[in-house]
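2 protein chains.
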Amino acid sequence: MLRSEVKRAQARTAELFAKAGIVLTAEESDRIEVACFGLGQLETQGLELITYVNTDRYCAKDLVLFPRQTCPEHIHPPVNGEPGKMETFRCRWGSVMLYVEGEASPNIQAIVPARSAASYTVFHEIVLLPGEQYTIPPGTKHWFQGGPDGAIVSEFSSTSRDEFDIFTDPDIVRMPVILED
Amino acid sequence: MLRSEVKRAQARTAELFAKAGIVLTAEESDRIEVACFGLGQLETQGLELITYVNTDRYCAKDLVLFPRQTCPEHIHPPVNGEPGKMETFRCRWGSVMLYVEGEASPNIQAIVPARSAASYTVFHEIVLLPGEQYTIPPGTKHWFQGGPDGAIVSEFSSTSRDEFDIFTDPDIVRMPVILED
Numbered sequence: 001m002l003r004s005e006v007k008r009a010q011a012r013t014a015e016l017f018a019k020a021g022i023v024l025t026a027e028e029s030d031r032i033e034v035a036c037f038g039l040g041q042l043e044t045q046g047l048e049l050i051t052y053v054n055t056d057r058y059c060a061k062d063l064v065l066f067p068r069q070t071c072p073e074h075i076h077p078p079v080n081g082e083p084g085k086m087e088t089f090r091c092r093w094g095s096v097m098l099y100v101e102g103e104a105s106p107n108i109q110a111i112v113p114a115r116s117a118a119s120y121t122v123f124h125e126i127v128l129l130p131g132e133q134y135t136i137p138p139g140t141k142h143w144f145q146g147g148p149d150g151a152i153v154s155e156f157s158s159t160s161r162d163e164f165d166i167f168t169d170p171d172i173v174r175m176p177v178i179l180e181d
Numbered sequence: 001m002l003r004s005e006v007k008r009a010q011a012r013t014a015e016l017f018a019k020a021g022i023v024l025t026a027e028e029s030d031r032i033e034v035a036c037f038g039l040g041q042l043e044t045q046g047l048e049l050i051t052y053v054n055t056d057r058y059c060a061k062d063l064v065l066f067p068r069q070t071c072p073e074h075i076h077p078p079v080n081g082e083p084g085k086m087e088t089f090r091c092r093w094g095s096v097m098l099y100v101e102g103e104a105s106p107n108i109q110a111i112v113p114a115r116s117a118a119s120y121t122v123f124h125e126i127v128l129l130p131g132e133q134y135t136i137p138p139g140t141k142h143w144f145q146g147g148p149d150g151a152i153v154s155e156f157s158s159t160s161r162d163e164f165d166i167f168t169d170p171d172i173v174r175m176p177v178i179l180e181d
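As given, the protein sequences belong to chains A and B, one line each in that order.
With full-length UniProt numbering applied, the first sequence covers 1 to 181.
With full-length UniProt numbering applied, the second sequence covers 1 to 181.
Since the hints were made in silico from the structure, they are not lab data.
Just so you know, these numbers come straight off a predicted model, no measurement behind them.
For every residue, glycine included, the Cβ atom is placed at its ideal position computed from N, Cα and C.
You may find that some hints are simply not true.
[Unchecked claim] Have a look at the derived ranges for each label pair, beta carbon to beta carbon:
#	chain 1	residue 1	chain 2	residue 2	range
1	B	A104	A	E15	35 to 43 Å
2	A	R174	B	H124	38 to 46 Å
3	A	E43	B	G21	23 to 31 Å
4	A	T25	B	A18	38 to 46 Å
5	A	V177	B	T135	30 to 38 Å
6	A	T135	B	D171	12 to 20 Å
7	B	G102	A	A114	55 to 63 Å
8	B	D181	A	D165	51 to 59 Å
9	A	V177	B	T121	47 to 55 Å
10	A	P77	B	A114	33 to 41 Å
11	A	R12	B	P148	30 to 38 Å
Please model the entire structure based on the sequences and the hints provided.
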């Protein structure tokens, strides 16, 4: 991803936060993380987030999904003998469709990203509107997509160790290099 | 505290959340916790909160302080061999003055509640405006007060075990009985 794309996505994310009444400091706005997963199609498969705190006991982030943007399927494995990350997603604005292991829901609302369709394997659907939340147990494959207006989702969790996440799509690189343009 | 007082404080809290664009479900609005600490002066010493999630690994709440309302000084002790609760306060709306152990700040902005003045002993001041946050290490005495407009504060933390909190004021009862009126 080019630095200019990162900057554009950061600005769009900051606008969405402002629209939802979520205030960031200038320092935080500058370090909004733009995850393109090395796939080169941020609008389709990507995620924007701000990490407020990540200690050895807990973590809190606010996530942004642009309209129909998908965070690809992944799992949080155990690390250093600790169970995998446990996370609670709370929809703050917009809507988000979440998919976890379990009985596949008929006629899911999300559009599976065509390029990586084979790497989406769990289809038990939970739709979250503002004020609604869902806790994903450790060791559960999951993916999620923003609704037609996008979404802002608070993520409360145990310690975050993103570098250990296992994605179903083998083409994914969680921390790709950002190229100066 | 009377049931009718609880209901009034819940309604006022729900209004403040709405004003700040924070959406609760109807079920959540009905279980907003109103803590009067058994002191019978909720407006001066009290706290309103909604707990979103509290697992054996992490906890997330949104706290409301009415204008100049104070959450009295307390400490989170170790429980079952685990270090005391660690918590991050993030101001979302209004302003909050937080006091922790350390060098006393000259001319603090808070008004120490007169009735319990002797039970406020730490005066290192941190003022948080929207977007600003502070992490309180385990085993640190602290108290906090809403600014002139009150405050909404997100609390991200390790597991919450409020019943073990130790308050400096011996008159405080963390979980007083609610009387039907």
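Each hint, compared with the structure:
no.	hint	verdict
1	B:A104 x A:E15: 35 to 43 Å	holds, 42 Å
2	A:R174 x B:H124: 38 to 46 Å	holds, 39 Å
3	A:E43 x B:G21: 23 to 31 Å	holds, 26 Å
4	A:T25 x B:A18: 38 to 46 Å	violated, 24 Å
5	A:V177 x B:T135: 30 to 38 Å	holds, 31 Å
6	A:T135 x B:D171: 12 to 20 Å	violated, 37 Å
7	B:G102 x A:A114: 55 to 63 Å	holds, 56 Å
8	B:D181 x A:D165: 51 to 59 Å	holds, 53 Å
9	A:V177 x B:T121: 47 to 55 Å	holds, 52 Å
10	A:P77 x B:A114: 33 to 41 Å	violated, 55 Å
11	A:R12 x B:P148: 30 to 38 Å	holds, 34 Å
Against the hints set out earlier in the document, violations occur for numbers 4, 6 and 10.
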